[in-house]
Amino acid sequence: MRPRPVRHPRKPLMSGGRGRVAVFYCGARGAAMPHGSAMRVRAPRACYTCGMCVYQVETRGLLEPYLSLEWLLTSGIGGFAMGTVVGCNTRRYHGLLCAAAMPPVGRIMALSRIAEVLYFDGAPRPYDLSVNCFRGAIHPRGYRHLRRFEVDRTARWHYELENAAVDKEVLLVRGTNMVGVRYIVHAAPGRNIELHLMPFVALRDYHALRRRAGDGPWVRLERTRLAVGEGPHALHMCIDAGHFARREDWWYGHVYPVEAERGLDDTEDLFVPAAAVVPMRGGGRVTLWASFNEPPRDTDWDARRAHTVAVPESLRRVSAGSDAVRRLVRASEDFIVQRRRRDGTPAVSILAGYPWFADWGRDTMISLPGLLLCTGRLEEARQVLELYGEHVSEGMIPNRFDDYTSEPSYNTVDASLWFINAVFAYLRRSGDDTPARERLMQACRAIVAGYRKGTRFGIGMDESDALIRAGDATTQLTWMDAKCDGVAFTPRHGKAVEINALWYNALMLLGEDDLAARVRESFVRTFWRNPFRGLYDVVDGDRWDGSIRPNQIFAASLPHSPLNIEQQRAVVEVVRRELLTPFGLRTLARDDPGYRGRFGGPPRERDAAYHNGTVWAWLIGPFLDAWLRVNDRSPQSVEQARQWLQPLINHLHDGCLGQISECFEGDEPHRPVGCPAQAWSVAEVLRLAMELGM
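The opening residue of the sequence shown carries number 12 in this note's numbering; numbering runs sequentially from there.
Please note that the accuracy of each hint is not assured.
Said to hold, decoys possible - Label-pair distances were calculated between CB atoms; the ranges are:
| id | residue 1 | residue 2 | range |
| --- | --- | --- | --- |
| 1 | GLY355 | GLU205 | 46 to 52 Å |
| 2 | ARG222 | GLY186 | 31 to 37 Å |
| 3 | PRO680 | SER645 | 27 to 33 Å |
| 4 | VAL320 | GLY294 | 53 to 59 Å |
I should point out that these hints are in silico values taken from the structure, not numbers from a laboratory. Using N, Cα and C, we set each Cβ at its ideal position, and we do this for glycine too.
Turn these sequences into a full structure, and let the hints steer you where they fit.
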């Protein structure tokens, strides 16, 4: 796919060659970069006032390479719509309405897709717009009619048929579990058209797959209203033209090829309760609304759309910012969601990634500076911190909230220390002197007290050297937490280097100078290896793990470092030489016997590679922080940092449009893998892009 400038963003892109991807803002020019391109994103040539960043793809009736290009819309309460540019669902997580039954979790894949068929002038030949993947076959092949796809705050498809055209738009209503799908058919005056819309209903846990069993869902049908349900959940639909005709069909054997690549079940049966039959003459329009667990409300399309596409305050604050920053701010909004506090009052949390992650404590605290502080969303940052602060237990914040009960889980050693770092970043940025400040400080002090005393999973301070130890051979408590069938693929129990860097940083932030001095002396004595290898990764009794991993970079990147400047420079050089790639840092040096440069296959194989060579995008943040520090932010170091960050900005036009992936393969060409839209990837790239003036 090659980029080209958009000469008039208010008009469709219809000329040029195949496989083109473009990105632009309403009222301004821009250009898109394909994955891995060495070209720079073209600088903006106009003052952006609209804030609508449009990613546009001209497919020209082709299936490849667009089957792997994805789009994402989010509801702000944990729900989402997601799919491929050509309209073929290739993951179990693809669908038009994945609802959050207990915001922001309890996700239910309610509406998988809609099949569209057109008939012209009474002729029996159907024109299908949809695309399905079955075992060994793709049918129908609606992508042959697809000419253009666009996504910003809605997703849009433009189809061209025999002397007719169809525009389709998907609108996920913010703050609700409701989606609208509008079709506009363009045809010659007097031409008779009949549009059939068949909703494919899943109504299942979004991690699961549906197979037909028993009698299936119940169906209630009126002329323009339809409800289908099973168990505690129901999907309610309505149309504003035509009528519903009962079908109650099962379609068997839908195959999701990405699930097969991941070594998981890949086949699903979907239920079609009815078809919307919409007669038109000379063209027309119809909107289908679908709502989870309650009938659709306030179905004025224009009003709903205007509300959805309105420029949020976060984008207004960066209206004079660069193309890159504005796109990253737009990406950041997808992860900020509503969650209720213990007393039922509304609060804010951060989802770790789409489509399968919930809100995790570690990811939230690492993401908060980029997603909320840099974008001026200080009130929401305070709400996030207070939400986690009120759940401090035995010196720990939750690592996650259960997907089904929302109960907190405490099983990480670093999330609580990242919380302290995030609190002080918030206080520095906000100058908060309200009662919330003292509540947050109390939570920070409770964490330090808990670590000094000792808490769950053997987490606690070793009195002999004041360093933090954690876990045993059966636990995975750091961010390198991959484990399958009881096997820990990166065992890091004992004293881990980044945990103790975070511990020292937390003590300094809280003014615990005497204890911090002990930690600093012990840290250098315990972890310093030599200038050519940097720091040990983990020390546990007589086990000294000298694997070169990115964890040592935090000893040089955090606000307070236990190393002197020459030691910090050595660490940065080791990491640069051994781990840096165009898309972040490898999790293990390539010459290590345990290195895995490819990421794929069933869960066990993927988990084995997850932190043993796979590149993580978010690590570019601490690396560049450390790089700029040891080089005194010289003009040359700033320019080099910009060059290192640029490929991740370009990646916004690849994979999941407008987002940044969780991981990339360690070996070239660094294929994007893992979660296609990851909060801390976006957060750290946004934070650095703003800091570097990109």
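Quick rundown of the hints versus the structure:
1. At about 49 Å, the beta-carbon gap between GLY355 and GLU205 stays in the expected band of 46 to 52 Å.
2. As the Cβ distance of ARG222 to GLY186 is approximately 33 Å, the hint placing it in 31 to 37 Å holds.
3. Remark: the range hint 27 to 33 Å for PRO680 to SER645 is upheld by a beta-carbon distance near 31 Å.
4. Taking the beta carbon of each, VAL320 and GLY294 are about 24 Å apart, not inside 53 to 59 Å as hinted.
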